[in-house]
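The residues making up each chain are set out below.
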Amino acid sequence: MDAITVNHLRRLYKSTDGIIKRTTKEVVAVEDVSFEIRQGELFGLLGPNGAGKTTSVKMLTTLLIPSGGSASILGLDVVKDANKVRPRIGFIFGGERGLYWRLSGLDNLRYFASLYYVDEATSKKRIPELLKIVGLKGREREKVEGYSRGMRQRLHIARALLHDPEVLFLDEPTMGLDPVGARELRTTVKNLQSANKTILLTTHYMFEADALCQRIAVINKGKIVALDTPEKLKENVQDLSVVEVELYGIPQEVIDRIKALDFVVEVSIENRDQRQVMQVHTPKGPEAIPVLVEHLNGLRIGRIITREPTLEDAYVRLVGGAEQ
Amino acid sequence: MKRIGLNLRIMARAFEIELRQNMTDGFVLFGILIQPLIVAFMALWMLKGKGPDYAIFVVIGSGMTGLWTTLLFNGGNSITGERWTGTLEPLVASPASLRVVIYGKVLANVTQSLLSMIGSYFLISFAMGYPLTLTYPGLFFLSLVISVFSLVSFGLILASFFILIPDFARMVNTLEFPVYILCGFLFPIALLPGWTTPLSYLLSPYWAALALHGAAQGTLEPLQIVGTWGIMAFFSLVYILASGRLYRMILRKARMDATLDIVGN
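Residue numbers (our numbering), protein chains in the order written: chain A, 15 to 338; chain B, 14 to 278.
Any given hint could be a false lead.
To be verified - Straight-line distance between alpha carbons at most 20 Å, and here's what the computed EDC-like set of lysine to aspartate or glutamate pairs gives:
no., chain 1, residue 1, chain 2, residue 2
1, A, 157, B, 29
2, A, 94, A, 192
3, B, 15, A, 16
4, A, 94, B, 102
5, B, 266, A, 95
Keep in mind that the hints were calculated from the coordinates and are not lab data.
The model shown is predicted, which means the values in this text are computed figures rather than measured ones.
If we strip away everything but chain A, and leave its shape as in the complex, we get:
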């Protein structure tokens, strides 16, 4: 049986403006999203900011009511059976919010354990185990306000696991973490999957999805644009090479001119401090470099390299070459 089933899920946000003459604006955040996640699978929902990842997770965790379509967790409808779904899922949202900062980590866990009807005896046994798993043993009596960002994120994980849920939603869990903290958290996520938890992970870090997920759905502007294994997604761009050109300022009209070249499939711009890295997806490989340089005439050019495509390139191709 699938642990999560999503059928044509849709969510609109309405906003009103004006005092006397009120106008209502509708924004589609999620449009016709469908997928299934098998029990024990680590599934990635990958997309840029504002793509609809968090909205989708909030509908699945019963915090938002869908405007259309349906979704079920372990066979239970997320709207009609919300009260039955809640004890069986755990979730964390990226960032530092969602904890009581003026209380200790232990107080936070004890409180949430009671909210999930974890009895006192189980709670006493489980909390030290979780503290050990997330690496907060010995720091649990300190106030959360004194924790680092990584420690807070790990406390979130412990909170989500208090009631030993079958399904976990991790919404950008490594957001804002330093590389070491992010790596530790990825190890924790991997271990959770080994413990046969079904996990839906949202991220906009390609390498994270590539390293952790068995299947990935790429979401853009509220719609699923691809759904496959990381390997299969990469195959979509195997016929291409990526030429990376380092630049110090590039006008939009030059980007548009390069995009219009017949051998160019996709162009994306990545900002790196004062520089931009233009990534050109092309089947021509290094042969494209002279023509590209010709079009960049007059601009300050840094390093130029040609490389094999990655999952990130597949993703860029799927969501379009918007500036990252």
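Using the hints, position chain B against chain A.
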């Protein structure tokens, strides 16, 4: 039966967490400890011509103002606090009844505000030397317990608006003084225009103030005091029953309008 036990545990934990958080908040401590003393001092000054018997009226009146302020600002604002910390969503998405959690939080706020009554008692009795005696001590303490539960039930309804409207905290400022006046905390409602009396009757803090003043000063017969308990119990029951449906409606609306993660101003 098991469910009741689990809910009582959640309520107790919410009570404990709220109390511990409040004890680290200077604004809350001011509302509980300092503001009622200022009110008591000013009221005693204004009413000094009424004689020393009025001192107990001031103790109770100023204590009630502290109770109401705490209920209004801390009880309701605890929801705003949950929004600020981003914990409202985990609370709503947990299997626990939000009503039970909020009941525990409001109970904590109201209980700690009783400190203001004790503070006023010590200020007026020991520091200012007024004689303070209770005509019916037993009935007074029972009235106090019933008043607390009545006010908490009222707070449960009040808090629900904070869930629905992220900016509701702005509106509560306008409710502080009208309730002081309408409920006769510091002077009898007989001094107010007649048309306001039905409004007072609809507010459970009015009956709480009436019972406490009546039991302390002996202005009510024991049977009349028991009568006010009945009215408070009736209101509490109505509030609790209404809150079940109200919370279901409000939570559904908040989930439809996506307002759970909005931080108000």
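Requested in this report: Give me the numbers of the hints this structure contradicts, sorted from smallest to largest.
Outcome: Numbers 2, 3 - these are the hints that the structure violates, sorted from lowest upward.
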